[in-house]
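Using the sequences and the accompanying hints, generate a full structural model.
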Amino acid sequence: MSILGRLLRGEDLHSLAAPYALDALEPGERRRFEKHLAGCDRCAAEVRDLAEDAVRLAFSAAAPAPAALRDRVLAAVRTTPQEPAQAGRRAVGQERPPAGQGARRLPPHVWGVQPPPGHTRTPRTRPLFVPFATATAAAALVVASLFAVQAHRTGDRLAAEQARAREIAHVLAASDARAARGEDARGRSIGVIASASEREAVVTLSGYGTPPGGRVHQLWLMRPRAQPRSLGLLAGDTPLVAKGIDTSSTSLAVTVEPDGGSAQPTSQPIVQLTLKSVGFGE
Amino acid sequence: MQADELLVLVAGGDQRAFEELYGLVSGPVYGLVRRVVRDPAQSEEVAQEVLLELWRSAARFDPGRGSALSWILTLAHRRAVDRVRSARAAGEREQREALRAEEPAFDQVAEEVEAGLEREWVRRCLNRLTALQRQSVTLAYYDGYTYREVAERLSLPLGTVKTRMRDGLTRLRQCLGGAA
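Heads up: the sequence lines are chains A and B, in that order.
Just so we're aligned, residue 1 is where the first sequence starts under my numbering, counting upward by one.
Just so we're aligned, residue 1 is where the second sequence starts under my numbering, counting upward by one.
Rather than coming from a laboratory, the hints here were simulated on the basis of the structure.
In this text the structure is predicted, and so the values were computed from the model without any measurement.
Hints should not be assumed to be uniformly reliable.
Distance condition first, Cα-Cα at most 25 Å in a straight line; then the derived DMTMM-like pairs of lysine to aspartate or glutamate [stated by the list, open to error]:
(1) K35(A) - E53(B)
(2) K35(A) - E149(B)
(3) K35(A) - E45(B)
Below you can see the structure in the form of structure tokens.
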């Protein structure tokens with residue numbers, strides 16, 4: 001390109017400072033201009049001034065935010081991890097890293113299926129890949145149902161349920177969150193959404209009802225060369241959030257135990273689900 | 001405490017500081033997003049994303065490049081404009097857009113919200129711009145149009161629109177002067 005051409009092009013880019021400050025560039029132009037900004041002190045200074053002018057326009061639009069927004073944002077902040085300080089600084093409002101990979105979009109979920117021992121259903125030999133939207137919709141349903149339940153709760157119980165909803169949201173938001181589900185011939189199922197990096201899992205049981213005689217369903221974590229570890233009691237189909245799961249764990253198991261649960265399983269599992277497909281057991 | 005100091009604390013994971021920062025910036029952030037996005041439910045959604053992004057990305061704020069408020073509102077504006085453009089691309093707004101008067105909505109919208117001192121100042125100063133300067137600035141900033149779209153709507157050459165935008169902002173600065 002000729003010197004004149006380059007000059008003209010530079011001049012042209014420079015004239016984009018005002019549209020840039022007003023966010024009035026198309027994405028491609030915006031990127032080109034930001035590249036240009038990095039090596040043009042004069043433009044950077046001008047953009048800084050123009051951006052401050054634009055902010056005056058912003059201020060004149062201030063309006064009280066809805067109270068519910070405050071509650072939601074502050075609750076989310078308690079469970080949202082921050083970017084590390086050394087992430088590198090960027091120009092004002094510069095393109096953020098693709099948010100899709102982060103908090104907002106979960107990676108494709110893998111539904112691994114393993115039938116519980118002693119049942120006749122033909123085992124599936126490989127995991128099924130389901131569309132992302134399906135898995136996310138299912139997860140959203142879990143959260144939505146939790147909030148629906150809250151309408152009938154008060155005080156401490158409500159606080160506890162909200163805390164659990166946040167914990168569940170936290171697992172769902174992990175970049176490596178994956179889901180697995182096992183179903184037996186009678187349509188009863190166990191579902192798990194787990195994150196190996198967070199070492200957390202959300203477990204739900206469906207169709208098993210409540211064991212007779214005041215007994216309970218207890219969830220166990222199976223690990224190689226170790227005793228099963230209790231992850232707690234499952235009440236009906238209410239999701240259970242399990243934390244601190246060893247990455248070497250191989251499967252989840254549910255047994256029927258006397259009221260209050262047991263220190264170690266006292267019966268054969270009624271259902272078991274491998275954790276391999278959700279990133280554990282490596 | 002000022003937003004600048006608070007943002008530094010927030011970058012260090014201080015939730016109290018975030019609450020305080022929320023008190024300072026939620027009104028300007030929500031109001032701006034609402035002005036651009038218009039739909040209340042969508043505005044709330046975008047404002048929530050922005051405020052959470054402040055928490056997540058506080059460490060990216062560089063005081064050497066401008067004020068915290070400028071950084072925050074620039075972020076809010078960017079997200080609001082992104083939302084409006086994708087909605088427009090999806091054709092959702094086309095009909096409503098067509099129903100609106102050709103004159104940019106700045107007067108009409110300004111009437112909807114209660115008048116504050118800053119708003120009065122800005123309003124007065126916007127009125128001192130030439131019609132083309134004002135329209136170029138407000139169509140872009142409050143309605144989320146690119147300068148190409150603004151040029152099309154006002155039937156002006158691209159170069160003229162860029163100049164009007166720059167002159168408009170500069171005159172606005174002169175008019176607002178010490179009122180910061």
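How the hints compare with the structure:
no.: 1; hint: K35(A) - E53(B); result: holds (23 Å)
no.: 2; hint: K35(A) - E149(B); result: holds (23 Å)
no.: 3; hint: K35(A) - E45(B); result: violated (31 Å)
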